[in-house]
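2 protein chains.
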Amino acid sequence: MVLREKALAHNIRWMQRFVDERGLALAPHGKTTMTPAIFRRQIEAGAWGITLATAAQCRAAYREAGVRHLLMANQLVGAGNMAIVSALIADPEVTYYCTVDSVDNVRALSHFFAARNQTVQVLIELGVPGGRCGCRSQEEALALAELIDTCPGIQVAGVEGYEGIIHGDDLPDRIRAYADELIATTAALVERGLTAVKRPVITASGSAWYDVIAAAFTESGARDRFLPLLRPGCYVAHDHGLYRRAHADILARLHSDPGDGLMPALEVWAHIHSIPEPGLVVAGIGKRDIAYDADLPIPLRRCRAGGDDSALSVNGWTVTGIMDQHAFIAVPADEDVRVGDIVAFGSSHPCLTFDKWRFIALADENFRVKDYLTTRF
Amino acid sequence: MVLREKALAHNIRWMQRFVDERGLALAPHGKTTMTPAIFRRQIEAGAWGITLATAAQCRAAYREAGVRHLLMANQLVGAGNMAIVSALIADPEVTYYCTVDSVDNVRALSHFFAARNQTVQVLIELGVPGGRCGCRSQEEALALAELIDTCPGIQVAGVEGYEGIIHGDDLPDRIRAYADELIATTAALVERGLTAVKRPVITASGSAWYDVIAAAFTESGARDRFLPLLRPGCYVAHDHGLYRRAHADILARLHSDPGDGLMPALEVWAHIHSIPEPGLVVAGIGKRDIAYDADLPIPLRRCRAGGDDSALSVNGWTVTGIMDQHAFIAVPADEDVRVGDIVAFGSSHPCLTFDKWRFIALADENFRVKDYLTTRF
Chain A
795 MVLREKALAH
805 NIRWMQRFVD
815 ERGLALAPHG
825 KTTMTPAIFR
835 RQIEAGAWGI
845 TLATAAQCRA
855 AYREAGVRHL
865 LMANQLVGAG
875 NMAIVSALIA
885 DPEVTYYCTV
895 DSVDNVRALS
905 HFFAARNQTV
915 QVLIELGVPG
925 GRCGCRSQEE
935 ALALAELIDT
945 CPGIQVAGVE
955 GYEGIIHGDD
965 LPDRIRAYAD
975 ELIATTAALV
985 ERGLTAVKRP
995 VITASGSAWY
1005 DVIAAAFTES
1015 GARDRFLPLL
1025 RPGCYVAHDH
1035 GLYRRAHADI
1045 LARLHSDPGD
1055 GLMPALEVWA
1065 HIHSIPEPGL
1075 VVAGIGKRDI
1085 AYDADLPIPL
1095 RRCRAGGDDS
1105 ALSVNGWTVT
1115 GIMDQHAFIA
1125 VPADEDVRVG
1135 DIVAFGSSHP
1145 CLTFDKWRFI
1155 ALADENFRVK
1165 DYLTTRF
Chain B
795 MVLREKALAH
805 NIRWMQRFVD
815 ERGLALAPHG
825 KTTMTPAIFR
835 RQIEAGAWGI
845 TLATAAQCRA
855 AYREAGVRHL
865 LMANQLVGAG
875 NMAIVSALIA
885 DPEVTYYCTV
895 DSVDNVRALS
905 HFFAARNQTV
915 QVLIELGVPG
925 GRCGCRSQEE
935 ALALAELIDT
945 CPGIQVAGVE
955 GYEGIIHGDD
965 LPDRIRAYAD
975 ELIATTAALV
985 ERGLTAVKRP
995 VITASGSAWY
1005 DVIAAAFTES
1015 GARDRFLPLL
1025 RPGCYVAHDH
1035 GLYRRAHADI
1045 LARLHSDPGD
1055 GLMPALEVWA
1065 HIHSIPEPGL
1075 VVAGIGKRDI
1085 AYDADLPIPL
1095 RRCRAGGDDS
1105 ALSVNGWTVT
1115 GIMDQHAFIA
1125 VPADEDVRVG
1135 DIVAFGSSHP
1145 CLTFDKWRFI
1155 ALADENFRVK
1165 DYLTTRF
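The listed protein sequences derive, respectively, from chains A and B. Taking the working numbering, the leading residue of the first sequence gets 795, the next gets one more, and so forth. Taking the working numbering, the leading residue of the second sequence gets 795, the next gets one more, and so forth.
Hints in this document: simulated from the structure, not taken from any laboratory. There's no promise every hint is true.
Treat identical chains as interchangeable: a pair holds within one or across any two.
[Said to hold, decoys possible] Computed list of lysine-lysine pairs in DSBU-like fashion (alpha-carbon distance at most 35 Å, straight line):
id, residue 1, residue 2
1, Lys-992, Lys-1164
2, Lys-800, Lys-1150
3, Lys-1150, Lys-992
4, Lys-992, Lys-800
5, Lys-800, Lys-1164
Quick caveat, the model's predicted, so the values are computed rather than measured.
Let the hints inform the model, and build the full structure from the sequences given.
This is how it looks when you write it as structure tokens:
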């Protein structure tokens, strides 16, 4: 796996500028890369902190990238996981939030942290009917906050949502309506005196709809009353499939030039192993090397080992199938292709590509490796 | 991820006995687990060596499990990979084979290894039309062997095939016919004096058809003239889906009692995070924790944190969807289920579950952790 440093740096700047221009704050989802060196670059560029999906991921971000603002966009469940968080928040420099959506979880957190004379800060998760986690209505969210208000060891710090599980028609409108509901719920929490923090958190957004969430947070004035955290993750590597398409929609909604957006930074390279029949190429790349759930890998370029540096064509090349360690590629029958040729593939999407690798080659535009980044999955 | 030691030990003994009883030899495919501690157990139980899929996997098996017989069931392509193998075969104790199916690859291997005064031993891969890698006919295979005979630095050591890419009707008969073709090709190599080794290798079989391959190798007498290597990989952990079904077919073909077979050794445990709607449960297990390409995870058992050790029901529980870090489970609407309950899931299949983990808990039948095994993906 190769990360192109220029594109990576561009994407980090791009998203930070997007957020800064709107007066919002950025907590990039770290689950995408789980690469401490990338977390450090995101923080240095101005991110408020890092979002994570599990307690173990939070610990890795804290220990290996020095991240002190940790937004765990997930429920904290299980004594082992709570013990990890207990150790993190024992550091007075750490700000940590997790989400809650159930009475049982609130009671378990209260019991665990009160017994340690600690207080865990939680965000009420507001979901959507038929969606994933989260309270299904503002009433349910407020009732949960009222319960928390009576419990030791736990404190409401704001509201969390994730618009990525909303599907169907009229998506921009429905996502805007969902963002508005998050804002109304956060406002209601404050009005009822149910949050203990001065500036409650309001947070949503993956890498496909952050523009709609950002518009809601800015136009409503939520950014001035709350700490408005956007948490896209995939933007940092971008991709050649799912997020390329989603990003084109974002740029269109923003009336931006299609050339002014994110740049795909992630490639996976593989050799051609076999050309057993005319038009059929087998490459040494499989389900263990690259994501395959949204799209199959996308051939980008090709070069010949021992040849000059000029790229060979992959026009008309299509990955038609993938196994654990191999991919099948249909190529034009008269293609000048040889066993040993090296193909660079784009992926769709990045989260399930990063997690295949323990080390990633960080390369300049001439594909000279400048560093190896370590992942912490 | 939890490996049940009793089942693991049973499966290692079971397959070794299967192979021993037939006068064959075992080179378990190590790509499944990439767990050196398991490789050591397989070798100690009597395996001839370990099969691997890449040069880097071979190096890991050599360095971290002391494996000296390495069957790389794949083409060796690229100077970087050849350099890894060059270092391995510099050890006089190492026996290493890779597969070849093309003139270009033969020339590249010859050039690389002759320049180092080394000889790489190769198996001619015999494939099937419309399949994956491999020569498409015996004639093509023999022509390639004749070329190798004229090249320095490379030697034919036998024939390799993989029946797992054959699909369609009449599979047992077609796989038997394919095995017979492998045998005929190996015999033809010997007759024409095209192999340089005393006991040429003949090898095939994944974890779904080793009984048919074994029958062909024994009934034809191939086992007496050649080194007959079976290379199933998934059997060692077995599973609750793809290979449970394939194994039931194997036991039926062997006229064995269905209770006398392999035991599923692999489980992935997760907490229930949310019960946002009646009948909908969200668990903290996702595409990053368990395979999802053949079947979605299969709920096996459940227990309650802080409760007694008795298992709670998962009758009627079905995983209906999976995201990166979460799974959706449909449960009976009146189920006694709580956030914090721990669910053990079976997987389908093992290769794409092992590769999600850097450490695996090896547990006894009471689920006391006896050791943590390190994977080397």
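query: Of the hints given before, which are not true for this structure?
result: The structure conflicts with hints 1, 3 and 4, although it agrees with all the remaining ones.
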